[in-house]
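With the sequences and hints as input, model every part of the structure.
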Amino acid sequence: MACECFSSVFFIDGDLLLLPWSEAPYKDAAEKTALGGLSLNGFLSEWTLMTLLDPIHSVENLIYIGYAGDPSSAIRVTRRRRLDRKKRQSDRNVFHCFVFGPKEAGKSALLNSFIGRPFSDVYDSTTEDRYTVNVVDQPGVSALWTLITW
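For the sequence shown, the numbering used here assigns the number 1 to the initial residue and increments by one for each residue that follows.
Since no wrong hints were added, every one of them can be taken at face value.
BS3-like, lysine-lysine: derived pairs with alpha carbons at most 25 Å apart:
1) 32 x 107
2) 27 x 103
3) 107 x 27
Here are the in silico distance ranges between beta carbons for each label pair:
4) 24 x 106: 19 to 29 Å
5) 124 x 72: 34 to 44 Å
6) 127 x 72: 31 to 41 Å
Hints were generated in silico from the structure; no laboratory data involved. Glycine included, every Cβ here is placed at the ideal spot set by N, Cα and C.
Next comes the structure, spelled out in structure tokens:
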């Protein structure tokens, strides 16, 4: 099965699949290539975000693109965070963090740097919730996805 990934279109063996990632909250949430398409990490990050925000739609897309396994095995529900805090350890590989701060404090700059975008001196007010998601390298962990919201 050959596939090519772009920012809002997914081709599988010549068939076109439109992904919901061209609009908020997915638009500009992950790192992109120099040509503006999604990198592999960007694609996996967008998929992680979609799974967190809309798990039913995520499973539907897996089935649509030909996922051969049991769809219920594709998503893992983790234990309550209360137990993680009590044991002081976590088996999660996706973390949802929130950024708070006053106007013009640099929240957008922080999130843009998290997905490899350069700093801009031009202030652009953010009026809606924004998400960024990326892989964080952690020794001994295969993939640690961090989702940041403000």
